[in-house]
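S.K.: Kindly generate the complete structure, drawing on both the sequences and the hints.
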Amino acid sequence: MTKRVHKALADENLQAALANFLPLVKIVRQIALTHVDFDALSKEIRRVKEESIANLPQLVEQFKTEATRAGAVVYEARDAEDANSYVLKLAQERNVKHIVKSKSMLTEEIGVREYLENTGIEVKETDLGEWLVQLAGERPAHMVGPAIHKTVEQVAELLSKATGEKLSPDPQVLLNAARGALRQSYIDADMGISGANIAIAETGTLVILTNEGNGCMATTLPPVHVAVVGYEKLVSSFEDATAILRLLSRSTMGMKMTVYVSYITGPSNTSAIPGAPLLSGQGPAEVHIILVDNGREQMRESAEFREALYCIKCGACLNVCPVFSSVAGQTYGYIYQGGIGAVLTAFLHSMDKAKDPASLCMGCMACKEACPARIDIPRMITSLKAKLAAEEGLSWKSRMAYRGILKYPERLDRAIKVGSYLQRPFTGKDSLVRRLPYPLNSLTRTISLPSLSHHPLRNRLKDFSSPGVGAHPKVAFYAGCVAAYAYTDLGEDVMKVLRECGAEPYYPQWQACCGAPALFDGDVETALSLAKTNIEALEEMDPDYIVTVCPGCAAMLRQEYPRLTATEPEWNHRAKAMSGKICDFSQLILELTPSAEKKPSRNKRVTCHDPCYLKRGTGIYSEPRQLLEREGFELIEMADADACCGFGGKIVFDYPELSNSVLQRKLDNIEATGVDTVVTNCIPCVLQLRGGLDKRKSNIKVMHSAELLAQHKEGGKFYEKQRSQS
Amino acid sequence: MATGATELAERFKKEATRAGAVVYEARDANDASSYVLKLAHEHNVKHAVKSSSTLVQEIGLREHLENAGIEVTETDIGEWLAQLAGEGPVHVPESAKTIEQAADLVAKATGEKLSPDPQVLLNAARRALRQSYIDADMGISEASVGIAETGTLVIISNEGNARLVAILPPLHVTMIDCENLVSTMEDAAVRLKSLSKNVTGHKMPGYITYITGRNTTGDIPGALMARAQGPEEEHIVLRGLT
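Protein chains in written order, with my numbering: chain A, 6 to 731; chain B, 584 to 825.
No lab work stands behind these hints, which were simulated from the structure alone. Computed from a predicted structure; not experimentally measured. There could be a bad hint or two in this list.
[What the hints assert, rightly or not] Beta-carbon label-pair distances, calculated as ranges:
{"hint": "1", "chain 1": "B", "residue 1": "Glu695", "chain 2": "A", "residue 2": "Lys102", "range": "23 to 33 Å"}
{"hint": "2", "chain 1": "B", "residue 1": "Asp718", "chain 2": "A", "residue 2": "Gln669", "range": "51 to 61 Å"}
{"hint": "3", "chain 1": "A", "residue 1": "Gly142", "chain 2": "B", "residue 2": "Asn650", "range": "52 to 62 Å"}
{"hint": "4", "chain 1": "B", "residue 1": "Glu677", "chain 2": "A", "residue 2": "Lys102", "range": "41 to 51 Å"}
{"hint": "5", "chain 1": "A", "residue 1": "Ile36", "chain 2": "B", "residue 2": "Glu677", "range": "51 to 61 Å"}
{"hint": "6", "chain 1": "B", "residue 1": "Asn650", "chain 2": "A", "residue 2": "Lys94", "range": "48 to 58 Å"}
We treat Cβ as the ideally placed atom computed from N, Cα and C, and that holds for glycine.
M.R.: Here you go:
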């Protein structure tokens, strides 16, 4: 996998093609979603898919009855082999030599093209992108745009070879040549193979979408039409199909409507020839519909993974995925790309093949936000990793790190202390570690690291304060590992600013790691143990708020702890009670000082980076901005402020170059604003951005809001005025 | 024109245009015919294929084109037989009531000797018509429904001919009556359901094709390109309410 990632990152053609493709999809997506109530439409899709999958057995029966009545032949295939051998047998019986095929992910999944080609039948892809991929002998790079990884020069080469003409790398020349070459194929073909985007049970109808028009031709011109359809495509009614259609077009290509939508019900027919009431008409005389299971029923039965069947294959999740944006689809190693691809691979292919694609997820949740069916892909990836870890066991390294050290705060303290001594020779005067020796050298190849503190934050804040009984809200500070062991100054800033805002902050002494690293590596056992440790530590003095500076930790505390403790009612109750008190630093400051007036301008321009877990995980993005503007800073927005910084998941350890590629895009956007300070409310983001900017030798400062406020206080105390008022 | 209807027409025009179609609002039958004729001349059209359309028949478009020396082939098999017999476009022509009559007509058209066997005749008709789609410079259709919110044309057929008329020739013109415009996709679904029950006695027509604007591809790197594998130009002639 590491090799594939490196290859993709080093592939200049691929990177050029992606640089061309990604801005384009961003623009079309923006256009498509203006004036549209995305929320309402996606709610509707979600309803349709939930109902359809729940009622699947009835829908299958109804579809079979209606499609058969309309004259189609319906076959139910257990798996790829079953489906493929049906098609092959049919092809042989009809003496088929040439087949045209329109694009379908399912046909890729079962490998029907290769299966038929192996017997000497010619199968030609008719979607231009898919044809290019076929000519290149590759797999599609994207569910919707199979050839987005190709440059125009590469396309010219492929088409020149296919047509036998020397074609110049001019898009119009290439398109004309391709169109001409494909046109004859439809006419010569003895069979057309397609998928279906939707199948309507009440009428036995297939719905096929294409923008190029190839779908219409491949399903109408050849005498036999075979449609290969996954069970999850079934919906009950024409109206339900419409709901999907609305958002599918928009999510896929950023169009209000796909250019051609074909509703096909049975074979073509005519009653115009006297004496024969119903003959096949001018389209195919036979329509065969193969409903394919190939692991779908198993997915349907799984409460954790069922929602993967709600995927309408629009590819919107890929277009926003920072990892996909860096390496494109082939890197994932199987048919389905991106995070959803990892889950689909696990069921439609095999569990072990899902391991690589799952390891590429940064957990940034951009996919979840873009998904028109509201599929919680990141959650499924976490479940998938847990399942994989349970089946295969943890690596000895992970086992030692999580169960040997991370699980116990005091052991972690000692380990960090040892680390802080060992790092000395590599630490600069500015407390940055720019180069670590082997085997840790990969950690500092792309970012400079903060040095580890000799004393953990708990020692430093031991005597900071202990809350009494009073009118001031009691605020427990949960720091998270990066603040606890590296950015301890920042930890102290948080406490000071909170106190100046009229709160009584304290540091629960025996808080531990939130458990995220263990959980995302599949070690549920350690994560659960840490959840209990933290629940005990944080509920001890019954705080009014629990403030966090790491939104990733906050998400663990808020969402994962109730989930992890689901089978232990007492712990679950405590986890849920705690979950309601968790808040972000900026959110809490605004809440503590509601009547604070806007400060005069400081003539200082800053830009704001939205941490994934803060914006998409918690919906907080206006609060940090409000706070900055209230404090007299001028906010300059960067492009893609909410794109991941590259620190997410375990990517930064497993694939540092990939993490770096994501980071570099972020840094470019930061530098483009021309400001000298980036503010972000996430400590790991601070680490990543600082480290990356230092490697660029940039003077731009990266600060958490707490640091910014603490360092820009006026007249000694920052919030003096508000405090005396309250 | 009623206000509601005007709004629908305006919305339809706007959306279809945005999606890359050229929309022409015809004042009357003559205006519609001369627009299509002008278009045909501009594109040097020698041969057009058309699918079943009462609107085209009403405005006498075929005759207009034929008078201008453009060959127009009916592609609905019934209407094709009627055309061969020199009758107007009717689905069941007088002169092809028996299989023998039909065999004579098809034989004359194809120059082949054909036995009066339905399957034989159908195969011959298919072959002849297939060639017409491929040779045609222009396809003429009628949309049963137009969807204002997306600028979509809905074209129905059982034989599959209408899809081929719409997609194979490099120039496609669709006639639509303002009365057949609906506001949303959901309205279209309702309309289609009632239409199909009334017209054919089937639950659904074999082929319903939604066409929105001009076909495109994003598969050639560089940009989104118009005219992928379908027509170069999509024209819509909207006949207003009079």
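S.K.: For each hint, tell me whether it holds in the structure or not.
M.R.: Hints, one by one, checked against the model:
1. B:Glu695 - A:Lys102: 23 to 33 Å: holds (24 Å)
2. B:Asp718 - A:Gln669: 51 to 61 Å: holds (55 Å)
3. A:Gly142 - B:Asn650: 52 to 62 Å: With Cβ atoms ~55 Å apart, the hint holds.
4. B:Glu677 - A:Lys102: 41 to 51 Å: holds (42 Å)
5. A:Ile36 - B:Glu677: 51 to 61 Å: holds (54 Å)
6. B:Asn650 - A:Lys94: 48 to 58 Å: holds (54 Å)
This entry satisfies every hint, going by the numbered hints stated previously.
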